[in-house]
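**Student:** Chain by chain, the residues:
Number of protein chains: 2
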Amino acid sequence: MDLETCLKKLKYIGVLAFATVDLEGAPQIRNISAIHYEKDAIYFFTARGKEFCRELLEDGRVQILGYSKYKEMIRLSSRAKQTAEEEQKKWMDLIFAEQPYLTNVYPGKTRDIGIIFEIRDAQIEYFHLGVSPIFRETYILGRGIETKQENAAEVEAGDVEPGKRRVRMKGYRITDACIGCGICQGSCPQKCIEPGVPYRIRPEHCLHCGNCYEHCPVSAVKRL
Amino acid sequence: MDLETCLKKLKYIGVLAFATVDLEGAPQIRNISAIHYEKDAIYFFTARGKEFCRELLEDGRVQILGYSKYKEMIRLSSRAKQTAEEEQKKWMDLIFAEQPYLTNVYPGKTRDIGIIFEIRDAQIEYFHLGVSPIFRETYILGRGIETKQENAAEVEAGDVEPGKRRVRMKGYRITDACIGCGICQGSCPQKCIEPGVPYRIRPEHCLHCGNCYEHCPVSAVKRL
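From first to last, the protein sequence lines stand for chains A and B.
Per UniProt numbering, the very first residue in the first sequence carries number 1; after that it's consecutive.
Per UniProt numbering, the very first residue in the second sequence carries number 1; after that it's consecutive.
Treat the hints with caution; some may be incorrect.
[To be verified] Which bits of chain A does chain B cover? Going by a derived footprint, with three or more residues having C-beta under 8 Å, they are: (1) 29 to 42; (2) 183 to 194; (3) 197 to 211.
I should point out that these hints are in silico values taken from the structure, not numbers from a laboratory.
Virtual Cβ for every residue (Gly too), placed ideally from N, Cα, C.
Use the sequences and the hints to build the structure in full.
**Tutor:** What follows is the structure in structure tokens.
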């Protein structure tokens, strides 16, 4: 799996769930399909009067989720930005051409209430619960996303390109406090922990369920 | 459309998108299908080690979105609560029996890392963009949801039952400042504004796009 394939899959899925936070800090979620995909960016349409638009203008943080027919989950985290004034019409016309149903929803000049947002820098997580062991991977679009979290040196891939941000790691890791007892391995539903001192979680197969974390007798398992 | 049918539709859709806010106040979204439906409540399973679980325990606010094959969007807003200790096993076993794939993900005793949350009080929005005019309606499960928003008297249905909260209204309304010019009606993509003084938006067909709001020459259109 790779970034380009993930974006293609999102495009084929078509109708995606967009999560934002509202003015009260509460989660909001909508289905959006008025989307155009470029190799390095995603453009989407909404109307200026919608609360969704206000949330994007005032906060901007968005997570986008697609679920494929192959039971893959593809999740994109980003900050949406309003597209430059002089490019609004170009992308709006393109999205309306690609999604003819939009002309039924916004006939004639009423589409002028529309606004185009774009996503250029994002983190994309691929997650497949239907294989054994489960599989996950994370990719960076553009410069990735800002994060307050600092990742431990040992979980950094170490191959971050200049100008790119790190992948925000999630899940668990086993620290040097490990005594090699193997209890974590026995408690892992996905059998994704390898022996050694310290034992090692294979992050691409980890559910992030916390079983190893709860069972470790010496608290050697840390949350990332 | 009604509450009971909406819950049935969510059940048939199966895989729903759950939005929460994380510890940084950012939106988070996941697909969840480990769900059991009762007439008056929804129970769902996750693992104690997941960030999703932590977000539910620390904040609890959740929006759940389902998209049907008939292109209906059903959105539930609520506050998830951890199910009572003595009922955890009962619902967990039921969810695992109803969703056999879960036993592949959490074999044997590893399911003990699970935790059951429940939703009893919610607001449910039904939205269909594929009909003309578009159609939307809102229902209350249990006591509904808390809201900081006060709705104008004229948009209240006036039929709130004792012990229930109001539906949180969204969109726009036309106030008595209306001069009856009809510009709003001409600008409405869904032709859902009726003549009169004041003109009236039929809320069940309103996109919430904001066209009437932006075009009214006397600012008689207000956001709810």
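**Student:** Could you run down the list of hints and mark each one as holding or not?
**Tutor:** Structure-based check of all given hints:
Coverage of a stretch by a chain is defined here by at least three residues with a beta carbon nearer than 8 Å to that chain's beta carbons; for the stretch 29 to 42 of chain A and chain B the count is 3, and the condition holds. Coverage of a stretch by a chain is defined here by at least three residues with a beta carbon nearer than 8 Å to that chain's beta carbons; for the stretch 183 to 194 of chain A and chain B the count is 4, and the condition holds. Here the stretch 197 to 211 of chain A counts 5 residues with a CB under 8 Å from a CB of chain B, which clears the bar of 3, and the coverage holds.
In summary, this structure violates none of the numbered hints.
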